[in-house]
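Novice: Numbering-wise (this note's numbering), the sequence shown opens with residue 1 and increments by one.
Think of the hints as simulated: they come from the structure by calculation, not from any bench. Incorrect hints may have been included.
[Said to hold, decoys possible] Here are the computed lysine-lysine pairs in the DSSO-like style, where the Cα-Cα straight-line distance is at most 27 angstroms:
id : residue 1 : residue 2
1  : K156      : K115
2  : K78       : K115
3  : K283      : K187
4  : K173      : K156
5  : K40       : K187
6  : K173      : K78
7  : K129      : K99
8  : K40       : K99
9  : K329      : K350
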Amino acid sequence: MSILIGILGSLVGLVLLALLLLEAQYWQRPANTLELNSGKWELAVYEPQQYVLVGQIELHNFTRRLEVMTPKVNAEVKLLSDGSLDGITTKTRMTPRFKGAEIREDGYWEGHVVKSGARDPIEVTIEIKGADLSQLKVAWIQLNYVAYGSQGWIPKVRHIIVPLKFPSVEESKRWQSETNADVLPIKTHLLTHLDDPVSVVKRYVMPHARPGDIVTIGESPIAIMQGRFRHPSAVKPGWLATRLCYMFLPTSSLASACGLQTLIDIEGAARVFGAFLIGSIAKLFGVKGMFYRLAGEQASLIDDVTGTIPPYDQFIVLGPDNPQEIVDKIQRETGLSAAIVDVNDLKAVKILAASSDLSMALLKQALIRNPAGNANEQTPVVLIRPTEDVQKSSDVGLQSVNQP
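The whole structure should be built from the sequences, with the hints applied where relevant.
Specialist: The structure is reproduced here in structure tokens:
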């Protein structure tokens, strides 16, 4: 009997060892990391009754040594408009441009194998027709695809936002007087990942600018131009986020599980939890705001759903990456001193980055009444013209810029 028990014990031990080895090799395997990038988009046709958007995107298989299949790729389009969408139609087409692809007239997507490390191009065509398209503001394109492989069927979505309405320079002429400067909120098209800050300044600000002027841009528009926004459906809240989010004020962007998980994904669970513990203890001794000082800069910059204008009100928008590099580039290429700011209607002005020749006191006083607004003004850029001499470290002349 003892021999039988010994044999059974050995068999159980071997089974458990085999299971442990199987689990260990599983965690060492690469995940099915297949991504559909945002690509490059253009308005190939821009006529009163017809718009044609063309996007050049790629399926990129980041997985080492493993192929990933894509049995599904399609596009859905949501139009945002200042008026009714009655009578306006959209038609989408996905055209594979990778080697050996068959272009089908019926629009059927044939399952495709993306080899390890491959970048397989796809052309997306979206045709918009209607009697009058002038009220259309933006096309929100949802590219739906599936990564299929060793981890099963994984649905994914890539969100693309393309502007369709572009205000003229003349629409921004309402200067406002502040204590130490005149300020001009500047209207732009809806900024997207297709834009870059320098081009926006050249297009919309330079026609109004004079030597000595200062341009400021909101931190959320900068982050959006960098593609730093996530749809909540792509965020998977973990144990810590689902428990800890209840500890923040309801108005905080960290009070939702997805908002807090976004911060955890950036800074790590240990840092966020440690900041919470220390912040809680500090609060007992009357010291407030310690969590935001310890949890990383993004803790105070993340905007949760509803935090900005449509369609970004459906997304979690992060703070910008390397803002100082951006303001330095604006000054270098336009001659304007620049700053990236976070301003609200509560007279709170936070300067994330600024040209070295700027006075922080002047900036805060000029922006104290939030001239850009927090609603749907679509004036993410503000031009500041000091009414008194400002000491500058260097004399930078405005460059001549050809407007598109």
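Novice: Hey, K129 versus K99, does the alpha-carbon distance stay inside 27 angstroms?
Specialist: Violated. K129 to K99 sits at ~32 angstroms, over the 27 angstroms cutoff.
Novice: Can you confirm whether the C-alpha distance between K329 and K350 stays at or below 27 angstroms?
Specialist: With a Cα-Cα distance of about 20 angstroms, the restraint between K329 and K350 holds, given a limit of 27 angstroms.
Novice: Quickly compare the C-alpha distance for K173 and K78 to 27 angstroms and report which way the hint goes.
Specialist: violated (32 angstroms)
Novice: Decide if the proposed pair is consistent with the structure: K173 and K156, CA atoms, cutoff 27 angstroms inclusive.
Specialist: violated (44 angstroms)
Novice: Just to be careful, I want the Cα atoms of K78 and K115 compared with a cutoff of 27 angstroms; is the pair within it?
Specialist: Between K78 and K115 the Cα gap is close to 32 angstroms, so the pair fails against 27 angstroms, i.e. violated.
Novice: Take the C-alpha atoms of K40 and K99, compute the straight-line distance between them, and say whether it is at most 27 angstroms.
Specialist: holds (20 angstroms)
Novice: Measure nothing beyond the straight line between the CA atoms of K40 and K187; if it is 27 angstroms or shorter, mark the hint as holding.
Specialist: holds (24 angstroms)
Novice: Would you check the hint for K156 and K115, treating anything up to 27 angstroms between C-alpha atoms as holding?
Specialist: holds (18 angstroms)
Novice: For the pair we were handed, K283 and K187, check the Cα-Cα distance against 27 angstroms.
Specialist: Status violated; Cα separation ~42 angstroms.
Checked against the numbered hints above, the structure breaks hints 2, 3, 4, 6 and 7 and satisfies the rest.
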